[in-house]
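2 protein chains.
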Amino acid sequence: MTTIETSRSQYAQIAGLVRRRIADGTYPAGAALPSEDRLADELGVSRPTVNKALVILRNTGEIKVRRGAGTVVRSLPTIFRDAKKRYAARNQGTGAGEVEVSRHALKSSTTYREIGQATPPPAVAEILGLAEGELTLLRSRILYADGEPIQIADSYIPWRVAEGIADLFKENAGRGGSYGRLADAGHPVTRFAEDVTVRMPTDDEQRTLELEPTQPVFEICHVAYSHDHPIEVCMHVMTGHLWKLHYEWDDPTHEQDA
Amino acid sequence: MTTIETSRSQYAQIAGLVRRRIADGTYPAGAALPSEDRLADELGVSRPTVNKALVILRNTGEIKVRRGAGTVVRSLPTIFRDAKKRYAARNQGTGAGEVEVSRHALKSSTTYREIGQATPPPAVAEILGLAEGELTLLRSRILYADGEPIQIADSYIPWRVAEGIADLFKENAGRGGSYGRLADAGHPVTRFAEDVTVRMPTDDEQRTLELEPTQPVFEICHVAYSHDHPIEVCMHVMTGHLWKLHYEWDDPTHEQDA
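Residue numbers (full-length UniProt numbering), protein chains in the order written: chain A, 1 to 258; chain B, 1 to 258.
Take these hints with a grain of salt, some might be off.
Unchecked claim - Taking lysine-lysine and the DSS-like style, the derived pairs with C-alpha atoms no more than 30 Å apart in a straight line are: (1) Lys52(B) <-> Lys64(A); (2) Lys84(B) <-> Lys52(A); (3) Lys84(B) <-> Lys244(A); (4) Lys244(A) <-> Lys64(B); (5) Lys85(A) <-> Lys84(B); (6) Lys85(B) <-> Lys64(A); (7) Lys107(B) <-> Lys84(B); (8) Lys52(A) <-> Lys52(B); (9) Lys84(A) <-> Lys107(B); (10) Lys85(A) <-> Lys85(B); (11) Lys107(A) <-> Lys64(A); (12) Lys244(A) <-> Lys85(B); (13) Lys244(B) <-> Lys85(A); (14) Lys84(A) <-> Lys84(B); (15) Lys244(B) <-> Lys244(A); (16) Lys84(A) <-> Lys85(B).
Calculated from the structure, these hints are not laboratory results.
Predicted, not measured: the structure shown is a model, and the values here were computed from it.
When you get a sec, could you build the whole thing from the sequences and use the hints?
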């Protein structure tokens, strides 16, 4: 018998109850929840009340509706993205996107949506310093962890730089990825910058990343510099509730302290 | 006379119309919108339809309900936060929080909520490596730009470090702020790390930061290191739609590329 306090709204109480059952393992990670009807029966409340409770947990990402699987408990951990380490890893032949996923012992996979010539978004063209109408090579991909989409990454390299580098047109660009091939071609990447913003997902992003309209995404505009010129811009759109972004830096100015 | 297409939902069209009027200056930044009744009259739609349209724009932060002022057009620009620069600025005697605000020629102000002994949240105690029950000095403040709240910052310093440093108990800790005083006391800050996550605001944060429940916040867990030990943790909660976080770093490993 479940005791429901009367001081809080009923659906908020039921959300709390489901949350406790997830925490104590009654509903394990990845498992399907009982149907709304069964929950309503068990708890002696109406089905719309159960539905309202589950909406709260869907908005926070604690549960998720998966096509064909019903409503399942979140199974992915918070994915720790160490910006410095993920790009340094290319020297060991590891792709940046795989660094976090393997850190958490998740199975990583990537789907390429497009590799080819493309007009970049105006913001990207501006960062790359492109002339009016100048084109880019676009490598557009979706990263999955244990089969769940966690990130869209659209990488833009000026066409005049990319066109002579055949490996950039393959899904697997070889050891060290795109940056490895850029280095081979005389464009070693020596500096990175990232701008992080948060916003609501577009309709397309909701579908691609399996998000509710109420779940925010991180947008990271990642810029790679070679010889002090921007050589690549990669726009990342990431499921906000799944990621923790990590940055660290030495502070050389402290010696000037009085 | 305003032509309304029939292919999109009416309230989405009205949201688009108001957005265009904001862009073209019909409704200037900071100005109050006409009342819902007046808009409904002018556009020949019902007041609930206008209300639904304005909810869309409130969720994105394009407009905002301010107590006593009605519904006003967003007046703050996107605030650019360069992590490295903001902390380096203390050597010029500038507080970190004021760096961004003055970059954009906004008027900065700070309200202190608390300066005193406090039990830190468990996550903060763990980062600081505190013993069971060990206390901290908490400096809790709200940062405003042109009178609008943009950030809550709760800074925790181990009590055993802080108790002997009188200036840390003042709102104005002096030249270079808290880090300046820590350096004076033999704890120069030499490294920083930040973990960035996104989540929905708590009820208290909604009130403090004047946010809708649907507007996400950035949470930055900022850690300052002295002699390789964490000496301060500052938890920032920031209005997500107002900020762009910037990080950049050199990539010293590129020389190992084949």
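Cross-check of the supplied hints:
1. Between Lys52(B) and Lys64(A) the alpha-carbon distance is near 27 Å, which keeps this suggested pair within the 30 Å criterion.
2. The hinted pair formed by Lys84(B) and Lys52(A) fails the criterion: a straight-line CA distance of about 44 Å is larger than 30 Å.
3. With a C-alpha separation of about 19 Å, the suggested pairing of Lys84(B) with Lys244(A) holds against the 30 Å cut-off.
4. Between Lys244(A) and Lys64(B) the CA atoms are separated by roughly 29 Å; this keeps the pair inside 30 Å, and the hint holds.
5. Between Lys85(A) and Lys84(B), the direct Cα distance comes to roughly 18 Å. Compliance with the 30 Å bound is thereby established for this hinted pair.
6. About 40 Å separates the Cα atoms of Lys85(B) and Lys64(A), which puts this hinted pair outside 30 Å; it is violated.
7. For the hint linking Lys107(B) to Lys84(B), the alpha-carbon distance of about 22 Å falls within 30 Å, and the restraint holds.
8. Between Lys52(A) and Lys52(B), the direct Cα distance comes to roughly 20 Å. Compliance with the 30 Å bound is thereby established for this hinted pair.
9. With a C-alpha separation of about 34 Å, the suggested pairing of Lys84(A) with Lys107(B) is violated against the 30 Å cut-off.
10. This hinted pair checks out: Lys85(A) and Lys85(B) have alpha carbons roughly 21 Å apart, not beyond 30 Å.
11. Distance check on the hinted pair: Lys107(A) and Lys64(A) sit about 19 Å apart at the alpha-carbon level, within 30 Å; holds.
12. In summary, the hint linking Lys244(A) to Lys85(B) is supported, as the alpha carbons are separated by about 22 Å, within the 30 Å threshold.
13. Straight-line distance between C-alpha atoms of Lys244(B) and Lys85(A) comes to about 22 Å, which keeps the hinted pair within the 30 Å bound.
14. Taken as a hint, the Lys84(A) and Lys84(B) pair is honoured in the structure, with Cα atoms around 14 Å apart against an allowance of 30 Å.
15. Taking the CA atoms of Lys244(B) and Lys244(A), the gap is near 16 Å; set against the 30 Å cutoff, the hint holds.
16. With a CA separation close to 18 Å, the supplied pair Lys84(A) and Lys85(B) stays within the 30 Å bound.
Hint violations for this structure: numbers 2, 6 and 9, all remaining hints satisfied.
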